[in-house]
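J.: We have chain E already, so just place chain G on it with the hints.
In case you want the letters, here they are:
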Amino acid sequence: MSLEGEKTGNSLGIPKAIFLEDVDKFMADGGKTAEEVLRKLEELFQKYRVMEVNLLQKKEKLKVQIPDIKMSLDMIQLLKRNKENEKTVETDFILAHNLYARAEVPPSDKVGLWLGANVMLEYTLEQADDLLTKNLKQANQSMEQTDSDLDFLKDQITTTEVNMARVYNWDVKRRQTLKATA
Amino acid sequence: MSKKGQSLDDDVHISYDDQAKINKFAINNTKLHDFQEDLAEKKKELVNLNEAIDELVILDETEIVPFQYGEIFAHLTVEEANQELERSKQSLEGEISSLEDRVTSIKKLLSDLKTQLYAKFGNKINLEESD
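In the order they appear, the protein sequences are chains E and G. Residue numbering for the first sequence follows this note's numbering, starting at 1 and increasing by one per position. Residue numbering for the second sequence follows this note's numbering, starting at 183 and increasing by one per position.
In isolation and in its complexed conformation, chain E is listed as follows:
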């Protein structure tokens, strides 16, 4: 008898924890000792925990990424406005930590986007806006997906916790009965 169900209902193929409807029956059918079952449950529980940590890390990353993209989008809106009004804007930009230099940014319809891997690519403001908007949308979707995966995982974790408690209690009661009849 297995404690893991089918790998459905979520995007990561996380196995579902089986709910023990009847501990007596489960223990009788399985033919395993409580120690064995508890060890299996503990193993499963640890697996879920590792997955949870990974997902939480992913979520933290997205939490940083999303405001970053929003900030870049704000900046592009400013550049667009300046282009429309043919206005030069003065900026202070960071040279090193705590050191700023002044630069004039003339009206321009081009902007460089840092793509990562030491690559920066020049885009028109319109293209950059589209790209960043798309990235923002993807990041938000990824966030939603991560949240729903976490919910699913939490479900399995709680079920496993309750299973462990019930098997443990079942075993304690069994021992007590054994003692009483002995």
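Heads up, a few of these hints could be off.
With a cut-off of at most 20 Å between alpha-carbon atoms, the simulated SDA-like pairs for lysine to any residue come out as follows [as the list claims (entries may be wrong)]:
| id | chain 1 | residue 1 | chain 2 | residue 2 |
| --- | --- | --- | --- | --- |
| 1 | G | K224 | E | E60 |
| 2 | E | K63 | G | G252 |
| 3 | E | K58 | G | H215 |
| 4 | E | K61 | G | D216 |
| 5 | E | K16 | E | K70 |
| 6 | E | K80 | G | K302 |
| 7 | G | K289 | E | D151 |
| 8 | E | K70 | E | A165 |
| 9 | E | K83 | G | E266 |
| 10 | E | K63 | E | R175 |
| 11 | E | K63 | G | S270 |
| 12 | E | K134 | E | Q77 |
| 13 | G | K203 | G | N305 |
| 14 | G | K271 | E | K61 |
| 15 | E | K87 | E | S108 |
| 16 | G | K271 | G | N305 |
| 17 | G | K302 | E | R166 |
| 18 | G | K271 | E | D68 |
| 19 | E | K134 | E | Q65 |
| 20 | E | K87 | G | H257 |
| 21 | E | K87 | G | F249 |
| 22 | E | K25 | E | A165 |
Estimated spans, in silico, between C-beta atoms of each pair [as the list claims (entries may be wrong)]:
| id | chain 1 | residue 1 | chain 2 | residue 2 | range |
| --- | --- | --- | --- | --- | --- |
| 23 | E | D109 | G | S293 | 52 to 62 Å |
| 24 | E | L178 | G | K290 | 38 to 48 Å |
| 25 | G | D199 | E | S148 | 45 to 55 Å |
| 26 | E | G116 | G | R269 | 22 to 32 Å |
| 27 | G | D283 | E | Q176 | 41 to 51 Å |
Note that these hints are calculated values from the structure, not bench results. Note that CB positions come from ideal geometry on N, CA and C, so glycine has one too.
T.: For chain G alone, coordinates are given in the frame of chain E:
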């Protein structure tokens, strides 16, 4: 984590339905904490924005102020800076009110579940915060 399940005894039979309720409680309890954290952060941000807006009032509309975008400061007129701040403020206020709505509905859900679970399991289950 230890607060759920631990004290469940098989004297009370746990049905699949009960398990689902316990799970729902656990998930939403975590969510509540997340949202409340977010909310506190956003409210602090709003206070900062309002302070900035108040500061700008003393300045002349045509005066130039450095306005922070990520890592750089753009020199904007007070009027432009005000527009930027108001824009940020509006979207922030929207986010805050939607978070508040969610917190309220989760709180209601949790207290409903609490009532149901305590009714069934009594002192065999502990749904209170451990810290």
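J.: State for each hint whether it applies.
T.: A quick look at each hint next to the structure:
1. G:K224 x E:E60: holds (16 Å)
2. E:K63 x G:G252: holds (15 Å)
3. E:K58 x G:H215: holds (18 Å)
4. E:K61 x G:D216: The hint holds at about 15 Å.
5. E:K16 x E:K70: violated (36 Å)
6. E:K80 x G:K302: Cα-Cα ~62 Å, so violated.
7. G:K289 x E:D151: With Cα atoms ~17 Å apart, K289 (chain G) and D151 (chain E) stay inside 20 Å; holds.
8. E:K70 x E:A165: Given pair K70 (chain E), A165 (chain E) is violated - Cα atoms ~46 Å apart, limit 20 Å.
9. E:K83 x G:E266: holds (17 Å)
10. E:K63 x E:R175: At roughly 50 Å apart (the allowed maximum being 20 Å), R175 (chain E) and K63 (chain E) break the hint.
11. E:K63 x G:S270: Holds - the C-alpha atoms of S270 (chain G) and K63 (chain E) are around 18 Å apart, at most 20 Å.
12. E:K134 x E:Q77: Between K134 (chain E) and Q77 (chain E) the Cα gap is close to 15 Å, so the pair holds against 20 Å.
13. G:K203 x G:N305: holds (17 Å)
14. G:K271 x E:K61: violated (25 Å)
15. E:K87 x E:S108: holds (9 Å)
16. G:K271 x G:N305: violated (47 Å)
17. G:K302 x E:R166: Cα-Cα ~16 Å, so holds.
18. G:K271 x E:D68: holds (18 Å)
19. E:K134 x E:Q65: Given pair K134 (chain E), Q65 (chain E) holds - Cα atoms ~13 Å apart, limit 20 Å.
20. E:K87 x G:H257: The given pair, whose Cα atoms are some 12 Å apart, holds under the 20 Å limit.
21. E:K87 x G:F249: holds (16 Å)
22. E:K25 x E:A165: Between K25 (chain E) and A165 (chain E) the Cα gap is close to 16 Å, so the pair holds against 20 Å.
23. E:D109 x G:S293: 52 to 62 Å: At roughly 56 Å between Cβ atoms, S293 (chain G) and D109 (chain E) fall inside 52 to 62 Å, so the hint holds.
24. E:L178 x G:K290: 38 to 48 Å: holds (46 Å)
25. G:D199 x E:S148: 45 to 55 Å: violated (22 Å)
26. E:G116 x G:R269: 22 to 32 Å: Cβ of G116 (chain E) to Cβ of R269 (chain G): about 29 Å, so the range 22 to 32 Å holds.
27. G:D283 x E:Q176: 41 to 51 Å: Hint holds: Cβ distance 50 Å, inside 41 to 51 Å.
The structure is inconsistent with the numbered hints 5, 6, 8, 10, 14, 16, 25, although it conforms to all the rest.
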